[in-house]
Amino acid sequence: MSFHQNKYDRQLRLWEAAGQSKIENASCCLLYVNNVGCECLKNLILPGIGKICILDDRLVDKSVDAPNFFLDEEDHNKSKVECLAENLSRLNPDVCIESKKANPLDIISSDIDFFHSFNVVILADMLPKIQLIKLTNYLWNKQIAFLQLRSIGFNGSIRVCLPDCTILQTQNDASLDLRLNMPWAELKEYSKQLFERESKDRHGDIPFVAILVHGCSQLETGNKGNPSSQRKDILRNWIKTQMLYADEENFEEALSNCWRPFQSTNISSALKTIFDDINCQNLNEQSSSFWIIMNAICKFVECYHCIPVSGILPDMKAGSSEFVSLQRVYQQKAKEDALKVKNYVQKNLKLLSRPIDSITDDEIFQFCKNASQARYIKYRKIEEELNSPLLTDLASDNESLVPWYFAFRCFDIYKERYNSSPDASLTSSIHKYEEIACEFMKSLGQSPTQSVCNACREISRSAGAEIHSVSAFIGAIAAQEAIKFLTRQYIPLNNTCLVDAAHARTESFSF
Amino acid sequence: MDNNSKDNNVSAKTLGYPYSVFCDKKVLLVGAGGIGCELLKNLVMSNFGEIHLIDLDTIDLSNLNRQFLFRKQHIKQPKAIVAAKTAQAFNEHVKIHPYHANIKDPEFSVAWFRNFDIVFNALDNLDARRHVNRQCLLANVPLIESGTTGFLGQVQVIHNGQTECYDCNPKETPKQYPVCTIRSTPNLPIHCVVWAKSYLFPNLFETTAELDTSIDTSASDAEQVKEIAELQRETEELKQLRNALTSEDDACRRIFVKVFCDDIERLRSVPDMWTHRKEPTPLDFDELITKIDSDSKPWVQDRRIWSLADNLAVFYDSCQRLRKRVWDEELKSRKDIDFDKDDKDTMDFVASAANLRAHVFGIPTLSEFDIKQMAGNIIPAIATTNAVVAGICVIQALKVLTNGTRESMNIYLSRRPERVFHGERVCPPNPFCQTCNFVSFQLPADISQLTLGEFISKVLQEYLQYSDEISILRNDLIYDPDFDDNVDKPLSELLVDAQPANTLTVLGEAEGDSVETLERVPLLVEFVPLDQEHDRSVKFVLPETQIEIPKKQSPEKQAQEAEEMNELKEAVNPEDKELIVLDEETIIIEDELGESLENGDVVSASRPLKRSVTVEDDITELPAAGTAVKKGKLDNA
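Residue numbers (my numbering), protein chains in the order written: chain A, 1 to 511; chain B, 1 to 637.
Keep in mind the hints are simulated off the structure, nothing from the lab.
Hints should not be assumed to be uniformly reliable.
In the DSSO-like style, the derived pairs of lysine-lysine whose C-alpha atoms are separated by at most 30 Å in a straight line are [as the list claims (entries may be wrong)]:
1) B/K85 - A/K62
2) A/K369 - A/K188
3) A/K62 - B/K344
4) A/K340 - A/K299
Chain B with its partners taken away, still in its complex shape:
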């Protein structure tokens, strides 16, 4: 272990304790962004043995105010690779393995997650967070989950069966807007921004853009049918204009006239639509163009609120700039342009189009700076909050790795100077959580010989005491009492493509005849190879200790909740059923963190009142540097 600490003089004397805890540990760090860079530095300096770092992003200029492992010359390079290289220079003894990849790629299987002693999440989106949460639960590896927004932040400790998981508390999903509000009856600036970014822009500049044809054609009345038909026609027309972009010089004018005049006229003619709403006013291109000062460049002033003529000037100019980029001279074909908040041309186009639409509908217009925040779902981010959160993450990891998960705290940063943050003892899992309520076990088996039928009768029924009512799922259903086609097949045949790998999910009831429900939580059986020493006649080896599969908690309650959900769904106006997702990748973390209440306390979003907020000082004392607890390791250090 000699070469494992940055400097042995130090570790031997004082910091030996944390150093010795970490030095033989293998960690996974998911994300090399704001928190990720800080965490990587802390992990390197805390002498973790092996750090695997994964991020699929590349470096952007706007990262440099906080992601301190990156420099200007690194822009556009992969974050994971650069971060690993920069951090490696500071401690050559630590093994850092960077991956420029998506954590959701199949190669990062549950088995792969099992390689790690602890996982750190430093992500910026709900989807990946939930994915890592699931993988860690399945792999039974502790996870330190973290997030920040502006001055707020939080750290959560997650461990299968011991604490709440990420999904135990429902999370705010990205805001969605009814399609009719976006396309016909906007009344807020955000509606115009969503229209410009998620409808107009992709339809014009992305050939592969899924034209949103999934409009609810089962509209209840004739008016709606007609309106939907109109909208579809408008989308078709946009498609034609997209072609005009590369071929016709007056394409920008034609786009303007179509979306801010012709479509609006058509909308005005929809009967009954405007009896209770303010009618939109179409814009006249030829009249407006005369008001533009040809020397003005309003787009350089992104904090000023542009006039109507300014917006036209920006629209026209950015549209011309984008037109030039649409045609690839080398390939002699058109190419796609994706909206990117940091791509000035696309941002100008979306900002001006949103404002022009706002003018049409009498909605207040905004500065480009503000529209950028909405269109890009920009979350304010500063170095200090990330550093505070990353510091807490490692201290929590130290506790998890020494005292176990139950004694850890979840930490919430507040903006109040009186209390920098507050901690809450971790809560036990939510018994109704759909994600973490399962039992998993590994069954050593020769899957080329063991058939599904034998597995059901010998393992599930005989050993685990399941009744006949069993369903088995791979990704799809492979067995239930009415579907026994597969019982004679060997498992090796059935497990191809199973997700997670080599795993089947068993749903069923306990054997018995009680009036109470006997339904058990899902059982995940992962088939692992048999030890070499077993002779070939052995098909599987049962675990030495009996496996307890708890019954599902209060199904009445769950049914009731499901019913309430359905009622809620029905209450939604039928015309609102079609939704536009603003941005699937990004979520507004602030919602998730909870918001500042009147008294300034930051609370967690969902089930805060049920738990007692404890800041009690009763965590097991951390052992002293060089005390007997980890003496063995220290001596080696």
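Extracted from the complex, chain A is given alone in its bound form:
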């Protein structure tokens, strides 16, 4: 076990070597140095991101940078990026940290290609609308992930953006499919054999899977036409009659899994979304292996009316030899299914005139194993959101955190217009902020509600300043989202998370 592996052991157990290597090969750019941005970077540096570039041309100002752990009082009037790079580099010598003394606005207007080499760009502050649209459209076209963080007083938000995101390993165990609604011949035979053993002594070793499969085939005749709820009750009663004594653990497990054989389909809505997507339907020269394999799995589903068996079994009460042989039955089926999928993949590759081995067996097997968890997420462009945020009926919901969203949008307008943050200690400032809120709400066809005004007041209370713990919290959530994008594991946010730390609440929206 290497030094490197030991150092990252605790996170390797979450996202494994594959995820780790993606993180280590990634580079990230931070626009503007502030507390929330630094906290986010800290949480990317610790897990070992490859490279970080910090972009800002300001000097450390102790009146603003006081809540920042990584800037010192002695750094006053020195370059922010240089001080920060030095302090952050101590966190993890594996990470390459660069600083660029430049105004992000200048880079966006005259050197936008500067951003082309990054995997993630993090904006820790607001940008004027024109520059924000220019930057995010550029990143969108280059398929670079974009995160915008906000931490004002007790409130904040995180907006993530990427044209789209395909994830195979969502690490969502709940969706494990055992295909008990469509058991295959070998599984039925295996289950039957366990029940036909002479000795009743190993009754407690029969896995629940076999109990359900055998129960269903016993009850199959004469029950076919009945509605599934009725059949489920019949199965439940059958299981109870098979128990040698009350609370026999494996039979209890069978009872609690009774719903499985009557699942009408094992194809999740998330998977249907993938199959129905144009990328899956129409393969072309640009198609990634994700879509080529998903197209193949879609064809498999059309043909066999179920998704490939994953080959994974959850823990269950069973004798070890019974469990091992059941595992074998599932692994064998998984292999067979993967081979069928492979056939479709190869046909696809031929049609696309790509080498038949350009997608490995291993990759196909991974897709078959994780198909039920796969996700495809499409994001909304920042430009579209700025012009017409998707509000549905949430805007009128007094309980929701949406008023904070409006207050943040107005905060940006205020800052762009007056070059300062709304400040509650100045009456004129609050008036100007509220005027903007009225204007803005009208432009969206909404009337400014009391809750929006309250949110604006609360935000102006902090005059744009950060509270360390709130920034630490928001920065950490944002870093976690960046890691999801980089590892392509776990389900990322789509697309905005609003934070109200004072009331310990968060909510997510697709604006």
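With the hints as your guide, set chain B onto chain A.
This is chain B only, laid out in the frame that chain A set:
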């Protein structure tokens, strides 16, 4: 207060509010690990006046991916000391007092806990968590309890009498395995891992290892008696092999032959044991050794599942490596080696031994990486979750210190992107909780003069209206109606060694003749010195306000619960009574946090359905920066 804030320009303008709340507060942070480092940073940056930090651990390489106050050069140094030093550099005005010590040490008494305005728990084990919980209840200090595992985490606010305490909801205790399953009839990989780690390894490499002789010799039938005798003999033989480790060159071979061949043969010969089980197959050392490629080093590949020959190679090699370490050349004596998941030699030995045993019993073998997780009870840990939880801790502390505990929330992090976390209003204490159901009061008294008898008659019976049925406990019983030997002794004599210090526990009933139960919750009386101004004839001073001692809640219910517990215990197969504790120090927090349900919501483990999950927005508005509420403090800032 000038020198107390990191920068006054900031605090005066905007952040004055939280800064002023915290700057005169004294906090205790228990634990300088994953959450601890993040919390220390947040506390320093939030301008707490004085931070006491305690941790007994030293820094390990595997900490560095998240415990950001530590660097590579700090490995093996005490966590508390290094964390304090690193964090101090960022805010010289905050007073940080580190302790490289165990929070359970007697010097950290209840009186010591009373020094703090709030306590933060950032611990990794059940035992210490429960200890701090108890101390905080006794000291009546609010506690912010937190924990994470992987992407999940939680923050709980605990305050005596106002909220649930840590023990109000029963916790999963470390998994235990019946001794017979571990030693004779394993059927899961974990059984082999426990055997290798908790039985084989300590018996070979720890001289002080408590050989597990506490085997249930009251076995019901002759078979069991015989089997137990066999097991004891096997353990005795291991003891002899331990000596061979330092003296004989073929010790590794002899160990292998004993545990994977001779013991297995003996096990196979136990009558009836294998009628309903698959018989184990002994391994042949001499045959297997020929299959080993002498150049191969399977132990460098910890994620691959080793072949049988690989396992032997690893077993043999790690055993040789450990043999070299067993003998201390300087002291000319043998020394102990403790199992440590991060000690490659011990990990190789345990992983290969577990796999060899799995081979014997036809159980699937695992990679060393996976065995390490089981043997070390490794909980996945990442920087982000710890940072999120630590952020919430401080925000909750802010609320507790301004609005009081009742308005706080308990927070549960979920993995779902739709909801990063959810909050629940804190619940009132569980009336049946054994830990937090008590009343405590401090009695100023001259304990060198006040006798136990006077205390009983004047304070307990006359003032607090107890009946004659009183029992008084120190750690042991010192008084009940049938045991009055101590009544004439002064309390100073009886309070020596009392735990908590200077405190007696009173169990008894209220005066009265109702048919209902009159039994009261335990009363903890802490004797404190009298003020100087009292003249010497005064022996004690009663509190000005009357103390209410509630009756115990529904004893029928408790009795019923106890009965159910007993039934459960009886239902356990007698042969399963002896249990091996996998690891007392570490617990699997995931169990405690609750697990992902089908709909993805994370719920708390035990009494989740009884409480309404509220995410209502009705917490008292936090006062604005510089508003009148804390004006006095702000002006000083």
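Between the alpha carbons of B/K85 and A/K62, is the straight-line distance 30 Å or under?
holds (22 Å)
Would you check the hint for A/K369 and A/K188, treating anything up to 30 Å between C-alpha atoms as holding?
Holds - the C-alpha atoms of A/K188 and A/K369 are around 22 Å apart, at most 30 Å.
Given the proposed pairing of A/K340 with A/K299, does the C-alpha separation stay at or below 30 Å?
Roughly 10 Å separates the two Cα atoms, so the pair holds.
Between the alpha carbons of A/K62 and B/K344, is the straight-line distance 30 Å or under?
violated (47 Å)
When the structure is compared with the earlier hints, a violation turns up for hint 3 alone.
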